[in-house]
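Could you put together the complete structure from these sequences and hints?
Protein chains: 2
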Amino acid sequence: MATSLHNHELEEGLDFRPKFDASGLVTCVATDVATGEVLMVAHMNDEALRKTIASGEAWYFSRSRNALWRKGETSGHTQRVLEMRLDCDQDAVWIRVEQTGAACHTGRRSCFYRKVEGGPKLTFVDADKVFDPTAAYRE
Amino acid sequence: MATSLHNHELEEGLDFRPKFDASGLVTCVATDVATGEVLMVAHMNDEALRKTIASGEAWYFSRSRNALWRKGETSGHTQRVLEMRLDCDQDAVWIRVEQTGAACHTGRRSCFYRKVEGGPKLTFVDADKVFDPTAAYRE
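From first to last, the protein sequence lines are chains A and B. Oh and the first sequence: position 126 is 494 in the working numbering, straight run, nothing missing. Oh and the second sequence: position 36 is 404 in the working numbering, straight run, nothing missing.
No false leads were slipped in.
Heads up, the list lumps identical chains together, so a pair's fine if it works in one copy or across two of them.
25 Å max Cα-Cα, derived PhoX-like pairs, lysine-lysine:
# : residue 1 : residue 2
1 : Lys483    : Lys497
2 : Lys419    : Lys387
3 : Lys483    : Lys387
4 : Lys387    : Lys497
By construction, these hints were calculated from the structure, which means they are not laboratory data.
And the structure:
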């Protein structure tokens, strides 16, 4: 990849200049600060990003509901952000979080509770439910 | 989120049914199997996903070059995939990899070599270069 001056600034500079996609979003990966496990992949718009930085709690933008939401606002399963990093081209964010309860609306700690195996076919892994998703939940 | 029958199948079923976006892509997070560190966030189309599963090496789809690529095909910095997981709604993939050399084209082990701090402002962290990116490189 030819590195233009613009790319150089983006990659080597210390200015916070998130590169939002056509929908105004960056991708966010949340990992468990204790285990390193990937808990979820979601999106943030500019407001979600700024609220996350300002509050130390994870905020996202839901593409399906077209709305900003604070993780755990209805479920109580909040994420305290201990570290946030930006990738080389500033279009992806990695947050290391302390997860209360479970990240996944299905009741699992992580959204990644199925492994892909030859076939390909899925198998459950780390799929115990932390809470009962049939109870009222909307996220 | 109201769970329709379709969603239930997608979330609790064991059929491999990746949900590609309008561009035919799913998001892929690659973490270092040894340290848990997030190495990179990229995209896979159906072919990249299938080649990754079949070969045990990471293949991606580059949106900027509009082309399929095997990670490390020009740099030698390949990724051996030890585990692949799919998330609840099957639109994101998590691979745990053994990274040869560095994942990032800037020469760092991980693309996430800058931390976001109050301001917000970036600071370098784990930003030592594993290789010299001024040498020929195209990924």
